[in-house]
Structures are given as structure tokens and as C-alpha cells.
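Q: The residues making up each chain are set out below.
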Amino acid sequence: MKLSLWRRYSFPASHRLFRAEWSAEQNERIFGKCANPYSHGHNYALEVAVTGKVDPATGMIANLADLDGFVQQKVLDAFDHAYMNEQIPEFRECVPTTENVCRVIFQRLADFPSARIEGVRIEETGKNSFEYAAPSNP
Amino acid sequence: MIRVTRKLEFSAAHFYHNPNLSAEENRRVFGKCNNPHGHGHNYVLEVTVAGEPDPKTGMVLDLKELKEILDREVTQRMDHRHLNYEVPELAGKIPTCEEIAVALWRILEPKIHQGRLDRIRLYESPDLFVDCTADGMKGAR
Chain A
1 MKLSLWRRYS FPASHRLFRA EWSAEQNERI FGKCANPYSH GHNYALEVAV TGKVDPATGM
61 IANLADLDGF VQQKVLDAFD HAYMNEQIPE FRECVPTTEN VCRVIFQRLA DFPSARIEGV
121 RIEETGKNSF EYAAPSNP
Chain B
139 MIRVTRKLEF SAAHFYHNPN LSAEENRRVF GKCNNPHGHG HNYVLEVTVA GEPDPKTGMV
199 LDLKELKEIL DREVTQRMDH RHLNYEVPEL AGKIPTCEEI AVALWRILEP KIHQGRLDRI
259 RLYESPDLFV DCTADGMKGA R
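Chain order of the listed sequences is A and B.
The first sequence: position 65 = 65 (the working numbering), numbered continuously.
Heads up: take any position in the second sequence, counting from 1, add 138, and you land on the working numbering.
It cannot be assumed that every hint is accurate.
[Said to hold, decoys possible] No farther apart than 16 Å at their CA atoms in a straight line, the calculated lysine to aspartate or glutamate pairs in the EDC-like style are these: (1) A:2 to B:273; (2) A:2 to B:211; (3) B:231 to A:90; (4) B:249 to B:217.
[To be verified] Label pairs and their in silico Cβ distance ranges: (5) A:68 to B:143: 24 to 30 Å; (6) B:205 to A:89: 37 to 43 Å; (7) B:178 to A:21: 35 to 41 Å; (8) A:2 to B:182: 34 to 40 Å; (9) A:21 to B:173: 54 to 60 Å; (10) B:265 to A:103: 21 to 27 Å; (11) A:83 to B:224: 49 to 55 Å; (12) B:180 to A:2: 23 to 29 Å.
These are computed hints drawn from the structure, not numbers from a lab.
Fair warning: this is a prediction, and the values are worked out from it, not measured in the lab.
Note that CB positions come from ideal geometry on N, CA and C, so glycine has one too.
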């Protein structure tokens, strides 16, 4: 049996999907409305999964206060109400699609000291969701 | 393989307290959940059974039978109960979402005879939930 604890957070943020080296037409063709130069935003829902042994003294895989504090410091402080293209350094290198947001957030959380971060799942809207899973143990 | 999921809700009270820790330590580790008067949640449980549909019935398992199992094993055991005092499977444990999910897995797994228990997901609230799955490493503790 394997046990995972999921915690759900939310943050509103904005983004624009485009590549500077592409023409306006090409950006429009690939990214559609998401290429709008004025950007647009979503209420992102972020779910974080941790896995590990349950500590019999606490009944917990990880103390929620520790997890909440870590996610706040590593992710929410930066992403909440941010324009991700400009204000999240990782997106100077890649397009802030929710696939990439999942990967970036996972990488920011990967060194959580109390338990193994197993994956993250993000709902960009009620209709679109994305999951990033940690590579399996060797 | 097909996965079939049935959902149910139960309401229960709990609090967190480890008698081996000082009062101060209990407050530090468990915060508001240490309130000895307890508090409650509307738990939502999703039970997923995996298997191949029977060619005659088209079913992995009889959902009516699963509903009866869940009524008997989960609702009657936990609904409108105090998890610290009234559920023998949680005796001596801190009734966190993790421990309740493990206890439910151990209760339900041997009761499913058509298909096999694949996952249980227990929501303490929409923002906090635990998955117990059959895959992966053995022994979560």
C-alpha cells in the first residue's frame, strides 16, 4: 500500500504564451488567444502530493504547517498575483504554459525536507488540468 | 482493466493528542487540532475498485453490493462518531487523514471479492486529502 497526502492551494496569476523569436503571425497560429500581448490570467488551483512513512507519534506523513509554510515561501509568495512571464525568473527561459508551471513549481518544491514531493497537479481552469509526477525511485 | 469509483460521505469528530508528549509539545505539533473538545469534518471517501468486467453482466462488481459493504464497514463505523473514542481500528493512533485512510484500506481491502481495491481517496476537506493505492512500495509504515 502506498500513501500520498494531497494539499490544495490557489493563486491568481497572469501569463502570455509567445516566443520572442517568432513572428506575431506564428505566435498567433500556435498559441491563439493566449498570445494576446496584453496577457491574461487564471485562478490557478495547485495540488501538491507528498509521500512517505506515517510518523506514529503524529499520525502524519508531514506536518501541514511545515508543508503550507514551505509552499507559501517557495511558490505562493512569488506566483500569487504575479505576471509569470516577467516576475518568475524560470519563465525567461520557457513559455509559461501550465505544463511548464507544473514543472517549475515541482522543482521549487523538490527539496522539501520533511517528506518526498511526489507530484503537483494544477487546474488552470475548471476544464484544464495538468499533472507533473516526480521521476520514479531508481 | 476498468476502474469503478463509488463515493460516500461521513461526518465525524476528532482531535489530535499524543499522551507521550507534554501539553506544550502537543500544542506546538498539532496546533488547533489539539483542542481536547474536538472538532469535526464532513469526510468524503472515494473507493475505486479495478478489474475486468464480467462478460455476462458487463460489471467489474455489483455496485449495490459495494454500496452495502461501504454502508456497513464505513458509514456504520464512522458516521457521526468520535474517531478518538469510538473506532477500534484507530485506537492508540492519532486520527489524522493519513491514519483514517490506512485504517479504511485495511478494513475494505479484504471485503472486496470482485475486482480488487485499487485506491481510496479520503477528503478531510476540499483542500486536504489522502490517497491510499495498491501500487508502489510495500508498507507505508
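Q: For each hint, tell me whether it holds in the structure or not.
A: Verification of the supplied hints:
1. A C-alpha spacing of about 6 Å is found between residue 2 (chain A) and residue 273 (chain B), which places the hinted pair at or below 16 Å, so the restraint holds.
2. Restraint check for residue 2 (chain A) and residue 211 (chain B): not satisfied, since their Cα atoms lie roughly 21 Å apart, outside the 16 Å limit.
3. Among the hinted pairs, residue 231 (chain B) with residue 90 (chain A) is inconsistent with the structure: their alpha-carbon atoms are about 43 Å apart, more than 16 Å.
4. Distance hint between residue 249 (chain B) and residue 217 (chain B) is unfulfilled; the C-alpha atoms sit about 19 Å from each other, more than 16 Å.
5. Checking the proposed 24 to 30 Å range against residue 68 (chain A) and residue 143 (chain B) shows it holds: the Cβ atoms sit about 28 Å from each other.
6. With their beta carbons about 52 Å apart, residue 205 (chain B) and residue 89 (chain A) fall outside the hinted range of 37 to 43 Å.
7. Roughly 56 Å separates the CB atoms of residue 178 (chain B) and residue 21 (chain A), a value that falls outside the hinted 35 to 41 Å.
8. The beta-carbon spacing between residue 2 (chain A) and residue 182 (chain B), approximately 20 Å, falls outside the hinted interval of 34 to 40 Å.
9. Checked against the hint of 54 to 60 Å, the pair residue 21 (chain A) and residue 173 (chain B) passes, with Cβ atoms roughly 58 Å apart.
10. Remark: the range hint 21 to 27 Å for residue 265 (chain B) to residue 103 (chain A) is upheld by a beta-carbon distance near 23 Å.
11. Distance hint check: the CB atoms of residue 83 (chain A) and residue 224 (chain B) are about 52 Å apart, consistent with the given range 49 to 55 Å.
12. Take residue 180 (chain B) and residue 2 (chain A): their Cβ atoms lie about 26 Å apart, and the range 23 to 29 Å holds.
Checked against the numbered hints given earlier, the structure breaks hints 2, 3, 4, 6, 7, 8 and satisfies all the rest.
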